[in-house]
Amino acid sequence: MAILDSINPTLTAGWHRPDVRDLARDTGWRLKDYEARGGYQALKKLFAEKMTPEQVIAEVKTSVLRGRGGAGFPTGLKWSFMPKNAAGEKYIVCNTDEGEPGTFKDRDIMRLDPHAVIEGMIIAGYAMGAQRGYNYIHGEIFELYQRFEEALEEARAAGYLGRNILGSGFDFELFAHHGWGAYICGEETALLESIEGKKGQPRYKPPFPANVGLYGCPTTINNTESLASIPYIIRHGGQAFLDLGKPNNGGTKLFSVSGHVNKPGNYEVPLGTPFAKLLEMAGGMRGGRKLKAVIPGGSSAPVLPADIIMDCTLDYDSIAKAGSMLGSGAVIVMDETVCMVKALERLSWFYYEESCGQCTPCREGTGWLYKMIHRIEHGQGRAEDLDLLDDVAKNIMGRTICALGDAAALPVISFVKHFRDEFAYHIEHKRCLVPPEVQRAGSTFHTRLMAGATC
Amino acid sequence: MLNIEIDGKPLQVEPGTTVFEAARSAGIYIPHFCYHKKLSIAANCRMCLVQVEKAPKPMPACATVVTEGMKVFTHSPLAAKAQRDVMEFLLINHPLDCPICDQGGECQLQDLAVGYGGSHARFQEEKRVVTNKDLGPLVATDMTRCINCTRCVRFTQEIAGYMELGQAYRGDRAEIMPFLGKTLDSELSGNVIDLCPVGALTSKPFRFAARTWELSRRKSISPHDGLGSNLVVQVLHDKVKRVLPLENEAINECWLSDKERFSYEALNGEERLTRPMVKQGGQWREVDWNVALDYASHALRDIARDHGADALGALVSPHATLEEMALTAKLMRGLGSDNIDFRLRQSDFSLDGQRSGTPWLGMRIAELGALDRVLVVGSFLRKDHPLIAQRLRQSAKKGAQVSLLHSADDELFIKLFAKAIAAPAQLPALFAEVVKAVAELKNAPLDAGFEKVGAGETARSIAASLVSGTNVGILLGNFAQQHPQAATLHRLAQQLAGLLGAKFGFLGEAANSVGGYVAGTAPRQGGLNAARLVAEPRRAYLLLGVEPELDCADGAAALAALRQAASVIVLSPFKSQAALDYADCLLPVAPFTETSGSFVNTEGRAQSFYAVCKPLGETRPAWKVLRVLGNLLELAGFEHESSEQVRDEVLGGKPEFVAGLDNAVTPGTFDFIAASPGLQRIADVPIYFADPLVRRAPSLQSTHDAVAPTARMNAATLTKLGLTAGEKVKVGAGGAACHLVAELDAGVPDDCVRIAAAHASTVAVGPLFGTLTLERA
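Those sequence lines, one after another, are chains A and B. All residue numbers in the first sequence are consecutive under the working numbering, ending with 455. All residue numbers in the second sequence are consecutive under the working numbering, ending with 777.
I should point out that these hints are in silico values taken from the structure, not numbers from a laboratory. As the structure is a computational prediction, the values presented were derived from the model and not from experiment. Backbone N, C-alpha and C define an ideal beta-carbon position, used for all residues, glycine too. Don't take every hint at face value.
[As the list claims (entries may be wrong)] Mimicking DSS-like on lysine-lysine, the simulated pairs with C-alpha atoms at most 25 Å apart in a straight line are:
1) B:Lys204 - B:Lys182
2) B:Lys397 - A:Lys198
3) A:Lys205 - B:Lys57
[To be verified] The following label-pair restraints were derived from C-beta to C-beta distances:
4) B:Lys397 - A:Phe81: 24 to 32 Å
5) B:His120 - A:Asp421: 22 to 30 Å
6) A:Glu153 - B:Lys442: 51 to 59 Å
7) A:Asp421 - B:Ile41: 43 to 51 Å
8) B:Lys127 - A:Asp421: 27 to 35 Å
9) B:Lys54 - A:Lys45: 39 to 47 Å
10) B:Arg173 - A:Asp387: 26 to 34 Å
11) B:Met143 - A:Pro206: 32 to 40 Å
12) B:Gln12 - A:Arg156: 51 to 59 Å
13) A:Pro206 - B:Lys397: 20 to 28 Å
14) A:Arg431 - B:Glu5: 52 to 60 Å
15) A:Arg431 - B:Pro77: 34 to 42 Å
All chains should be built: construct the whole structure from the sequences, respecting the hints.
Structure below.
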C-alpha cells in the first residue's frame, strides 16, 4: 500500500488512510465522502457562475497544469485544440492505462478518489463541448475498474452524469473501459484503437486526435492525474493552482517513489520541490546505503547518477535541464548494490516485450538491444557491443510512429553513457563490478527468490 | 497548388499530396515496402524516411503531406542514413538465403538491400523463426521472411472486403496469420502474392517452378468474365508457368481475380486434347488433321445435303475469341444455317429482333466508380464479377449507395444501402415495385401493366435512394440475363433508367458476351437460338469450346440433344468424357494462350492478343481450323491469312471500342405473373465451375468456392419439406433426378432450393430456373 504523504496537497488532501487489509474501512472513495471533502463543488460552481467553456479553458491555461501522463504538455493548450463548432460527436478520454514501469499514482487516484476523475472529466467535457467520455483503465487493476463502474453509478444516481446535469442543460455520459495490460495502449492513439475494438497500435499523426480521434471524431485524451486536478483548478482558480508550484510548472504532482528507500509510495509535493526533500519524505535510503542512480520519470526517462539528481528540483524544466524527463513522476531509486547492467537488462526486456510490432526500427531494434544486453549480463559481451548498443538505440530513436521507440532507446543510451565503466567491466571480466554479496545484501528479491543469481 | 522542392527540384502539387506521391510525379524514387497506391497508408516499414527542412526528425514520405514551401531531401546524409538504418533492422531477422527463396529475383527487399543494405551484418544474435500458416491451396507461406508491412492485411480488409489476415502478437513476435483454423478464401486472394514485397507469401501452384528471370513475359487478355483483365502470362519452354496482372487502371487496375490468375493450370493438364480424333464404329481413333478435317467437312456437308441446312446447329462458347465466333458464324451461314448461338445459359430470347444494338455494360468500367447510386439486379456479384464488385465496394465506402435485388442473400462484403431478396419468379415483380416507387416519387407515368404493382417498404427505400442520386447506374447481372423473364427485367431496367436519367447495362458473363453479338454469333434470320437448339434437337452439331452439359441453361436436355445427333463435331482444347460419349470428331484447338484473337469486354472494348506460346501437340488455333473447314466446304470468304484479318473484317479495323453498343429495346407491355406454385430452383454458376478452363484448374478446384453443390434451403423450407440439414435428398426435374445433401442457408428465399449449376453432380437437375421436386433420398 502506498504511503501517502504530502506537503501542500491538492489531490491527496482528502485521501484518508484506509488499511488495505481492512476492506470495511476502504470507503473514502465513495460519493458521500468525496462530497464531504468538497467534491463536485467545482462542477456546481461552474454551473452556478455560468462559466463559459472559454472561461474554463482559460482557467486551466492560467494554472499551467502540464500533462501528468509523462509528456508534460500544457493541458489548457491541448483543450483549446478541439474544434469549436464541429458538428457531431466529440469525446473526452481519460488515460488510466498506467503502464510505465515505476508508476503507480493513477492507481491510487482510481482507488481513493475516482469521483475526482469523474468530476474532472465532466468539466473537461463541458469545456470542450463533448458529451461522451471514456476512461480507459489498464487490465491489471481490474478491481479498480469495477470500483470505477460503481462510482459512475453513484454519479449517475446523484445527477452528476447523464442528461441535464444539475439542471444546467449540459448532457454528459461517461463509460469505463478496461484494457488487457498492453503497455502500448497507454499511447493515446493506440488507446483509441483499443477502445474501438482493434489491436492496440498507435496511429500515424497527423491527423491528431483533436481532429480525428475516437471513431473518427474530435477527441482529447488526458491523463488521470491531470483530470483529477481539474476540480481544484475550477474551485480555487487557475492562479491558486499555479501558485502551488513554480512558474511554468503549475500545481503539485504525485510522485511514485520506488526502489531502495525506506518508505516507497506515492507522495504529493509541489513542483519545484528539491529531490532531496522527496527522498527524505520517502524515509531516506534503505539501510543508509549510498544513492547510486535515479530514474526520475518512469522507466523510459534517462537515468541520472546520484550527483546530478541530488542537485535537481522536481519540475519539468529542472529535470529536462539535467538531461532526463519528469515524465510520469515515477522516481526509481537505486543504491550502490544495484548492477546497472542487470537493471538495464530488465528494462530492455520490458520494451522488447511491449513493442507493438508496427514500425520496423522498434519491432526489430528492441529485440536486438535486449539480446545484446542479455549477452553482456551473462558474460558473453564483446568489446564492440557498447558502441553498437548506443548506435542501435540511436537508430531507433525518432524513426517510429510513436514514442515507444524513444522510450526503449533512452534507458539504453543513458545507462551506457553514465555507467559505461560498469558495462565495460562486465564485458572484460565476464562478471559484475558490484560483488555478489553486495548485490544480495541490497535486494530482497535476490536473497529471497534468486539466491545466488547475481552477476 | 503548392510550391515545394524535392532534391532541389521545384514542383507544383495539389494540396493533400504526400511527399511520396509528389516525388514519384517528379520521377524521384523513394524506397518503400508498406506503401501501396491502392491501400491505406500504414507508415510502418519506415523505409521511406526522408529529410524535410525544419523537421527535427526524418519523416515518412508516404504519410507526410506537403505544405507550401516544403523542402524535401530524399538522398541527403540524414535521409540516407535513416534509410540504411531501417534496412539494417529489416534484415536482422530476415533470412539471408535469397538463392533458396521463391521470391528471389523479384523481391523488393532483395532489390533495395542492394542499394541500402550493408555488406556485413552487425547482428550476431539468433534470428527469429515464424511458423508457416496454411492459407489454402493458392497462397504458400514462408512466414520467417515476413517484414510485417501489413500490405496483405490491408488488402484483405480494404480491397477484398473481409479481413481474413491480421497481425497477431507484438514486437518481433508479430505474425501475419488468418483466423484460427481458417484459410485465405477470398476470390481475390492471389493479389496478396503480388503485394508481398518479400518471399513470405508466394504462389502455391507456381512454387519453385521457375525463376522469374527465366520466364518470358507476354501480354494477354483474360478469357473468363466480361471484364477482360489484362494479363502478363509468363512462359518457359512453351509452357505457361504463371499469370500476373498487367496493370490497366481502366479495367482490372492492378488486380486479378484468382480465377484469372490460377486457371492456367488447366492449360498444362492431362485433359488437354492434343491430336484430332474421330470415332469410327464406336471406337475413337487419333488421326491426322487432314483426315479429321475431311471427316468433319463431309459430316457437315452430307447432313446439310440430306436433311437440309436447318438440321445443323452450332453452339459457341462465349469465352471463344471474336475471330473464332465470326468464322463459325460464317461457316454455318455458308452452309445455309442460321442455327448458331453463344448465349448458352440464357433462357428468354424474346428480345431477339427488338434490340437497337449490342447489349453491354451501358457505361465504361471506369465510370462505375463515379456512380453515386447503384442498383444491382440478379447477380452473384462478388463471385461472378470479383473486380467489378471490388470497384463497387470502394465506391460504397466513399458514400455511394448500392442496393441489390436478387434471389440469394450472399455476403458481398459491400456496404449495401438496401437489399431485397425474393424467389426467382418474383424477381420481376420485385423490380417492378422499385420502378413503380420511383415513378410515384417522380410523378411520372408508367407503361401498362404496373396498375396492380404496389411498392413495399424496401422498394420505396431503394427508390428514394435512386431518386436522390445524381449519377445512377442499374446493372443486370448474370442471373438476370439467364432469368426466364430476362426480357421483362431488361425492359424494367430501361424504364427505370428512363425515369431516373440513369445508365443501365449488363455485367457481361463471359469474355466475349458482347463480342458474340458483334461477331454475329446469334441467329440473324430466324435461326434457332441456344435454347431451341437444345429443345429441338438437330442432326448435327458443331461445338466450339462448349461443354453443353455444363455450359447450357439446361444441361440435361443439351446432353440428350447431343446424344441423339448423328454427328457432333467438337472444337476444344480439352477431351472430356462427356464429349467422348456424344461426339464423333474431336478437333484440338488452341486455348487463349496458344492463339491470337480478340475479346470484346463488357464495356465494348476490343482487346486483341497474341499467342503466348506454341500450341500443344497437334493443337491448332481454332480460327485456322475454321478457315480450312470453310475452304474444304468450298465456302466463299475464307481467305484470311491472319486472325487480324478476321478481326478487321468483323470490326472494320482495330477500334478501341466496338460500334453499335446500345441497350435500348422496343417497349413492351408488362405482365407480372403470379408466382408459380412449388419449389423453385435458384442456380448459381459457382466461380470455379463457370468455364471449361477453370473447371480443370486443380488448385482452384481445391478451394472452398469449388466444393460440390448441395441443395441449400432456408429453415422454413426445410421444415416444410420435413427435412433436416445434412440429410440426403433426391432432386428431380422432369424425369431425371440427382442425389444431393440438404444444407441450411438462411439466404435462400422461402420455397426455393439453391442448387449450383455447371457441375457434373447437378446436370440431371436440368434447367437453371423452374420448379423441381425434392424428397428425402
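Of all the hints numbered above, which does this structure not satisfy? Sort the numbers upward.
Per hint list: zero violations.
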